[in-house]
Amino acid sequence: MSKDFGLAVTTLWWRELVRFWRERARVAGFVGSPLLFWLIIGSGFGDLAFFFPGAITLTVMVSATFSTMSLIEDRREGFLLAVLVSPAPRSAMVLGKVLGASTLAWIQGLVLLAFLPLAGLRPPAASLLAAALIIYLISFSFTALGFLIAWHMESSQGFHAVMNLVLFPLWMVSGALFSPASAHGWMQVLMQLNPLAYSLAALRHFLAPAADPHRPPLASSLIVTAGGALALVLLATLAARRHPKGSFA
Amino acid sequence: MIVSVRNLTHRYGSRVALDDLSFDVAPGTIFGLLGPNGSGKSTLFRILTTMMAPTSGRVTIAGFDAVRRPDEVRRRIGVVFQSPSLDRKLTVRENLTALGRLYGLWGAHLQSRISETLERLGLADRAGELVETLSGGLRRRVEIARALLAGPSILLFDEPSSGLDPAARLELVSVIAGLRDHHGVTVLLATHVLEEAERCDRLLLLHHGRRVAEGTPAELKSRVGGDVVVLEVADPEALRGRILERFGLQAQAVDGALRVEIPNGHRFIAELVEAFPGAIRSIGLHKPTLEDVFLDETGVSID
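Keeping their order, the protein sequence lines are chains A and B.
Under numbering that gives the first Met the number 0, the first residue of the first sequence carries the number 0, and numbering increases by one thereafter.
Under numbering that gives the first Met the number 0, the first residue of the second sequence carries the number 0, and numbering increases by one thereafter.
Treat the hints with care, since some could be wrong.
[Said to hold, decoys possible] Here are some, though not all, of the chain B residues that point toward chain A, as calculated from beta-carbon distances under 7 Å:
no. : residue
1   : F22
2   : D23
3   : R75
4   : V78
5   : Q81
6   : G103
Worth flagging that the hints you see were computed from the coordinates, not collected in a lab.
Here a beta-carbon is modelled for each residue, glycine too, at the ideal position from N, C-alpha and C.
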């Protein structure tokens, strides 16, 4: 990794953090609604611990993907235009954006993690650290996915539509709402095919292992989570080597 | 030549946006691409800034091929877009710091360079302000500072004064001229604003992706014969026939008015008014403008 590449990546990363800090009010909204959602669903079913990993996952997913939505406008009118005519390589632009946006989503996930005692969970420090790492990998994957989709989109309406079609079904059959053990046969197959189900299982392994004993093994959960993150960021980099849509008109 | 364009053609599907265009830009000059919206300026601008590859032809900037070596070209161009390209949530200095690092500049060297550039554009006291709090004219100057920061060989402007009020426009034109006069900067600008075009050293008039004319503003205007007389009349077609019959002159109907090019226009006005009493609603005379040049060559107006 050359010096210029590293400089470009850290600069774009830093920009996301500064912007985030200046728009703190927005963050409260991102964390607030899943928290409420978790308390209502969890209390309704009488199992706050079971729904906790799912609530964190949802927060991180939504925050990560929607923070890449700014790409759609940013490249037509905004900072990204200046980045695109600079000598910084496209891969540095992708990595800087993905690292920046995923750090922000991660911070929001960590804020939610602070409510762990409310769910009656007391995992050891090492498990908390492992959980934090998995939350980061989920953030990273969904930021890269968001980037990949936003790069091909002309409008943010289109982005919303695609994200609703991808994000929520993915989350609903990830084991966030129900355990594979209680699901019908075909649903169990779907859950086995859903990469997010593995990330959720890994998170549950460290945060609430007793809440759902019917999980895929930890090793495969970790491999799928890390492999997914890597695959998505590579795909995003490949996509960005072509010119963005919307700059052609 | 700092920019050299040879036989450049670009098609969107079957629509031809640029048609076999060739021109050169000499260092230390302001070169203008003048044409109405849809004339191919924006396409040409995207190709020159390496944002798009042409269908065919060759573009060389500071000695590097824009298609084969976009990285080398990007290092040597400063681009000011029509739409804002600053992060509104960052301060002026933060914006420039971020962009400077993308060019491999950093640390104390970058900071002193930023101060120097801001000074040059009269923005030194604005460094700590958030971009979103600045006026349109100031923002445009920050954009220029951003484009100049890495010491480019050439500055490329897309519609530099779009969205600016008349005062800010005027000021911007002198900022650009100042960069050429005091710092030897080469500037290429795409515009449809005549005041901007007037200030260029050399102009390329563009229509439907083709070169209409090229030269200095004075050269281009001298092609128009003498004065331009513009008549507002109730029935342009009828009067056009009568002018041809009576004076043997071809008048041009443009936007419901008649245009006649003629030396010693003031005498002609008297004769016209005498000849067609009541038929003329108003009459005006002016020295040829670039608009007249464009009208002569294409039959349509720039705006």
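Against the structure, the hints come out as follows:
no.	hint	result
1	F22	violated (21 Å)
2	D23	violated (22 Å)
3	R75	violated (9 Å)
4	V78	holds (5 Å)
5	Q81	violated (9 Å)
6	G103	holds (5 Å)
In terms of the numbered hints stated before, the structure departs from hints 1, 2, 3, 5, listed from lowest to highest.
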